[in-house]
Amino acid sequence: KQEVTQIPAALSVPEGENLVLNCSFTDSAIYNLQWFRQDPGKGLTSLLLIQSSQREQTSGRLNASLDKSSGRSTLYIAASQPGDSATYLCAVPSQGGSEKLVFGKGTKLTVNP
Amino acid sequence: NAGVMQNPRHLVRRRGQEARLRCSPMKGHSHVYWYRQLPEEGLKFMVYLQKENIIDESGMPKERFSAEFPKEGPSILRIQQVVRGDSAAYFCASSGEFEAFFGQGTRLTVV
Numbered sequence: 001k002q003e004v005t006q007i008p009a010a011l012s013v014p015e016g017e018n019l020v021l022n023c024s025f026t027d028s029a030i031y032n033l034q035w036f037r038q039d040p041g042k043g044l045t046s047l048l049l050i051q052s053s054q055r056e057q058t059s060g061r062l063n064a065s066l067d068k069s070s071g072r073s074t075l076y077i078a079a080s081q082p083g084d085s086a087t088y089l090c091a092v093p094s095q096g097g098s099e100k101l102v103f104g105k106g107t108k109l110t111v112n113p
Numbered sequence: 001n002a003g004v005m006q007n008p009r010h011l012v013r014r015r016g017q018e019a020r021l022r023c024s025p026m027k028g029h030s031h032v033y034w035y036r037q038l039p040e041e042g043l044k045f046m047v048y049l050q051k052e053n054i055i056d057e058s059g060m061p062k063e064r065f066s067a068e069f070p071k072e073g074p075s076i077l078r079i080q081q082v083v084r085g086d087s088a089a090y091f092c093a094s095s096g097e098f099e100a101f102f103g104q105g106t107r108l109t110v111v
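In order, the protein sequence lines correspond to chains S and R.
Counting along the first sequence from 1, when you hit position 59 you're at 59 in the working numbering, and nothing is skipped either side.
Counting along the second sequence from 1, when you hit position 74 you're at 74 in the working numbering, and nothing is skipped either side.
Any given hint could turn out to be false.
[As the list claims (entries may be wrong)] When the alpha-carbon atoms are kept at most 27 Å apart in a straight line, the in silico DSSO-like pairs for lysine-lysine are as follows: (1) R:71 / R:51; (2) S:105 / R:62; (3) R:71 / S:1; (4) S:1 / S:68; (5) R:44 / S:1.
Note that these hints are calculated values from the structure, not bench results.
Values in this document were obtained by computation on a predicted structure and should not be read as measured data.
Next up, chain S with everything else stripped away, as it sits in the complex (with noise of 0.2 Å):
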């Protein structure tokens, strides 16, 4: 059964820094995996998505990697910003090829100005 962990669970920092937030997922026969960004009271927005033939998308200030043998995704985030304040949601397939997705608890971001 897939599981998907997330660390840490709340992360907060001045903004400027330069952020990583983690992901590890218990079955390793991904197709793909996704990140996700969700505002309080919002749905969730498609950051990125990586497939499992690839290492890394970037996409702005936002850069993934996967590493599918040892079940771990990390989201760097460079140069944070204020706005950047949301949870940060990891998701992979429950299995192989299924679509439907097995989600982490998130990690809740809060960037100081």
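Could you slot chain R onto chain S? The hints should help.
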């Protein structure tokens, strides 16, 4: 190109009433997924539907919950005889090439 549309955004129901949540997938997508987010919990898969067909309902509670995706119109998640424990955010998603896109959710409060 509108994203995944859910309504209502907020729904208040008294215990014992019925709740109906609606979801229209992104244009061109024919699959929808429903997830539930309980307070302080992660999102949990409930059900996966294609038009007129339930593909996977392994995450759906066995009683009081049902879902449909008719040939015409939105997908409906129906909760009968709601209880306080049903209070949660319910999200709908649709997927294209592997990537999942989520709606803004419906926040159900049972009073």
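Hint check results:
1. R:71 / R:51: Status holds; Cα separation ~5 Å.
2. S:105 / R:62: holds (24 Å)
3. R:71 / S:1: violated (33 Å)
4. S:1 / S:68: holds (16 Å)
5. R:44 / S:1: Given that 27 Å is the threshold and the Cα spacing comes to 14 Å, the pair holds.
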